[in-house]
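Number of protein chains: 2
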Amino acid sequence: MKQLLVDDVGEFGLIRRIMHDFIFRPELLVVGPGDDGAVYRTPGGYDQVISTDTMVEGIHFTRKTMSPFDVGYHLAASNFSDMAAMGAEAVGFVLSIALPGDLPLSWVDRFYDGLRACCRKYRVNLLGGDVTGSTKGLILTGTVTGMVPEGKAVTRSGARQGDIIFVTGTAGDSAAGLYALLHDMGEEWPSLTVRHQRPEPQIPLGILLRKAGAHALNDISDGLSREWNEIAKASGVELEIELEKVPLSEAVRALAERVHRDPLTWALNGGEDYQLTGTISPSDFDTIKKEMPITPVGRVVKKPGTGVYVWRHGQRRLLQAKGFDHFEK
Amino acid sequence: MKQLLVDDVGEFGLIRRIMHDFIFRPELLVVGPGDDGAVYRTPGGYDQVISTDTMVEGIHFTRKTMSPFDVGYHLAASNFSDMAAMGAEAVGFVLSIALPGDLPLSWVDRFYDGLRACCRKYRVNLLGGDVTGSTKGLILTGTVTGMVPEGKAVTRSGARQGDIIFVTGTAGDSAAGLYALLHDMGEEWPSLTVRHQRPEPQIPLGILLRKAGAHALNDISDGLSREWNEIAKASGVELEIELEKVPLSEAVRALAERVHRDPLTWALNGGEDYQLTGTISPSDFDTIKKEMPITPVGRVVKKPGTGVYVWRHGQRRLLQAKGFDHFEK
Numbered sequence: 001m002k003q004l005l006v007d008d009v010g011e012f013g014l015i016r017r018i019m020h021d022f023i024f025r026p027e028l029l030v031v032g033p034g035d036d037g038a039v040y041r042t043p044g045g046y047d048q049v050i051s052t053d054t055m056v057e058g059i060h061f062t063r064k065t066m067s068p069f070d071v072g073y074h075l076a077a078s079n080f081s082d083m084a085a086m087g088a089e090a091v092g093f094v095l096s097i098a099l100p101g102d103l104p105l106s107w108v109d110r111f112y113d114g115l116r117a118c119c120r121k122y123r124v125n126l127l128g129g130d131v132t133g134s135t136k137g138l139i140l141t142g143t144v145t146g147m148v149p150e151g152k153a154v155t156r157s158g159a160r161q162g163d164i165i166f167v168t169g170t171a172g173d174s175a176a177g178l179y180a181l182l183h184d185m186g187e188e189w190p191s192l193t194v195r196h197q198r199p200e201p202q203i204p205l206g207i208l209l210r211k212a213g214a215h216a217l218n219d220i221s222d223g224l225s226r227e228w229n230e231i232a233k234a235s236g237v238e239l240e241i242e243l244e245k246v247p248l249s250e251a252v253r254a255l256a257e258r259v260h261r262d263p264l265t266w267a268l269n270g271g272e273d274y275q276l277t278g279t280i281s282p283s284d285f286d287t288i289k290k291e292m293p294i295t296p297v298g299r300v301v302k303k304p305g306t307g308v309y310v311w312r313h314g315q316r317r318l319l320q321a322k323g324f325d326h327f328e329k
Numbered sequence: 001m002k003q004l005l006v007d008d009v010g011e012f013g014l015i016r017r018i019m020h021d022f023i024f025r026p027e028l029l030v031v032g033p034g035d036d037g038a039v040y041r042t043p044g045g046y047d048q049v050i051s052t053d054t055m056v057e058g059i060h061f062t063r064k065t066m067s068p069f070d071v072g073y074h075l076a077a078s079n080f081s082d083m084a085a086m087g088a089e090a091v092g093f094v095l096s097i098a099l100p101g102d103l104p105l106s107w108v109d110r111f112y113d114g115l116r117a118c119c120r121k122y123r124v125n126l127l128g129g130d131v132t133g134s135t136k137g138l139i140l141t142g143t144v145t146g147m148v149p150e151g152k153a154v155t156r157s158g159a160r161q162g163d164i165i166f167v168t169g170t171a172g173d174s175a176a177g178l179y180a181l182l183h184d185m186g187e188e189w190p191s192l193t194v195r196h197q198r199p200e201p202q203i204p205l206g207i208l209l210r211k212a213g214a215h216a217l218n219d220i221s222d223g224l225s226r227e228w229n230e231i232a233k234a235s236g237v238e239l240e241i242e243l244e245k246v247p248l249s250e251a252v253r254a255l256a257e258r259v260h261r262d263p264l265t266w267a268l269n270g271g272e273d274y275q276l277t278g279t280i281s282p283s284d285f286d287t288i289k290k291e292m293p294i295t296p297v298g299r300v301v302k303k304p305g306t307g308v309y310v311w312r313h314g315q316r317r318l319l320q321a322k323g324f325d326h327f328e329k
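Sequence lines, in order, name chains F and R.
Numbered per full-length UniProt numbering, the first sequence spans residues 1 to 329.
Numbered per full-length UniProt numbering, the second sequence spans residues 1 to 329.
Honestly, the hints are just simulated from the structure, not real lab data.
Cβ coordinates follow ideal geometry from the N, Cα and C atoms, glycine included.
Treat the hints with care, since some could be wrong.
[As the list claims (entries may be wrong)] No farther apart than 25 Å at their CA atoms in a straight line, the calculated lysine-lysine pairs in the PhoX-like style are these: (1) F:Lys245 <-> F:Lys303; (2) F:Lys136 <-> F:Lys64; (3) R:Lys136 <-> R:Lys152; (4) F:Lys64 <-> R:Lys136; (5) R:Lys233 <-> F:Lys136; (6) R:Lys322 <-> R:Lys303; (7) F:Lys136 <-> R:Lys64; (8) F:Lys2 <-> F:Lys152; (9) F:Lys245 <-> F:Lys322.
[To be verified] Here are some chain F residues the structure puts well away from chain R; computed CB gaps all over 10 Å: (10) Pro26; (11) Ala38; (12) Arg160; (13) Gln161; (14) His183; (15) Ala256.
Excised from the complex, chain F in its bound form:
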């Protein structure tokens, strides 16, 4: 039987095919997808949050590193993660996809399965989108809207001198997973590859951190070195990190040892972990540390300031964004 392609059904046929199971939080919906715009209602006393994120075939993924299901899941998760980084919950998602006409329809079906799975898990309404042709390759753009109590969004610019710098979960797993996939070792390291292919947005932790009084928050999309530099610059503070404290999973350490690499390179320069890093007062940190997987990795030492300094093996060095080249031992 001939495999059906995108061109065989056209734009409107494709839309009919994918338009089901879009609403996972009906109480917020006023007008669903299919009209010129979707309409939703958030409760009084909330601010609106918005962010957009794109995945390009050949740049953010290849058919070797991600299945179509993974691409859909990852696209939703990377967008929702930006809501987590503001202490917000995700509410709605719209999608624009540019597809080559010779793409198998089954690819699109599995992509939507992944997208839907992530939307269902985090109770986010799929509010519509746009389907266009692409002259080459897949380009997938998601835009997420969220809500956060008025005036309570956690920015990256609120870090205060004396704050604890924290990281949730572990860092570097996604980059290590990508390394394994690209070196044909993916099957041996499933706990790492899943972190790259199907990352989880830390929305519940973002909300807990907001309620606990976190002063600054970023999601780890571009590697810890860049996230910390963004917080330092936006907040006008100097950060001091003890690299030995950066939380690394057993699997990251094991793969690094096997391939003779420094696991911190993945954590600091890698990105796409979609865990959270930020700052909070020491007393608030003590209150929440038992409630969630969170590790203290340093301190906000100076305001005004702008730099990130890291300690390792008794040496103190300036850490630039994606500038980690591991110290001499």
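Chain F is fixed; fit chain R onto it per the hints.
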């Protein structure tokens, strides 16, 4: 002097270059672009509206038919038009652009000039976006958010038997302008080409129509034949249109005569006019017809129903979406 390209400055250099003059409605802004998400606040008693629209080089525009300024203006306008079609005002806009590395930076600058011009005119905040590479061609995705008084969004599904069907402004100008551009006649028909290159979203008319009690509303993005069929299907009604009444500009008639074409083909099958069409009760129509450029073109004749019927030269025919093949005379 060597022309600077996107690759010469990279993603973060590009972002620094374009991050200015983003906020045209500061009273709604809480956290501006540059953080993980932007935060905005709409007044109590409003619903949120969202829509997304993409332009792909080679499909929606070419360097022959649109300048970079035009592409920016058109992208914003086509998104804002979806808010007009809901009777909403546009509030915020986020943008995702996938650019080939060999694109001149001056292209990006002029593109943002056009985008900003449209945002400034309609007082829409640019709330951020995402910049990625593209393996080939430009892909530009905008997402707009808007607001409309609670429960007052005008959908395409509310048409009622006995309603007047109306069209604002004139239809077919954009398609005629594209025809002129593609046939090297653009300079002769500036009133048409501007409608293709820099369309205006009819936000003020959409709001007036909502307040006047319009029952159904669509923007003319895909040609009148498709818009009417969408209204008929979504509302479960039968529409009857008098084609002689479809408002055509003098320029559309003149160009059609010159090139021996039926000007209605542009109005019915063309699209991208971004005027509005919809239905309203006869008494409400009489009240508003002096306040705005609006033309009655037919009636909602039957509920339940699903089809669109057109009269021309005394004949009645079913009009399918993009199915206008002009009648025998």
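How the hints compare with the structure:
1. F:Lys245 <-> F:Lys303: Holds: F:Lys245 and F:Lys303 sit about 23 Å apart, inside 25 Å.
2. F:Lys136 <-> F:Lys64: Satisfied, since the Cα-Cα distance of roughly 17 Å is no more than 25 Å.
3. R:Lys136 <-> R:Lys152: With Cα atoms ~42 Å apart, R:Lys136 and R:Lys152 exceed 25 Å; violated.
4. F:Lys64 <-> R:Lys136: Holds, because 20 Å separates the two Cα atoms, which is no more than 25 Å.
5. R:Lys233 <-> F:Lys136: violated (34 Å)
6. R:Lys322 <-> R:Lys303: Roughly 23 Å separates the two Cα atoms, so the pair holds.
7. F:Lys136 <-> R:Lys64: Cα-Cα ~20 Å, so holds.
8. F:Lys2 <-> F:Lys152: Given pair F:Lys2, F:Lys152 is violated - Cα atoms ~54 Å apart, limit 25 Å.
9. F:Lys245 <-> F:Lys322: Within the cut-off at roughly 18 Å; holds.
10. Pro26: holds (15 Å)
11. Ala38: violated (6 Å)
12. Arg160: The claim stands: F:Arg160 keeps its Cβ more than 10 Å from every Cβ of chain R (closest is about 17 Å).
13. Gln161: Its Cβ never comes within 10 Å of chain R, the nearest being 21 Å, so this holds.
14. His183: Label holds. Min Cβ-Cβ 23 Å, cutoff 10 Å.
15. Ala256: The claim stands: F:Ala256 keeps its Cβ more than 10 Å from every Cβ of chain R (closest is about 28 Å).
Hint compliance for this structure: hints 3, 5, 8, 11 are broken, all remaining hints hold.
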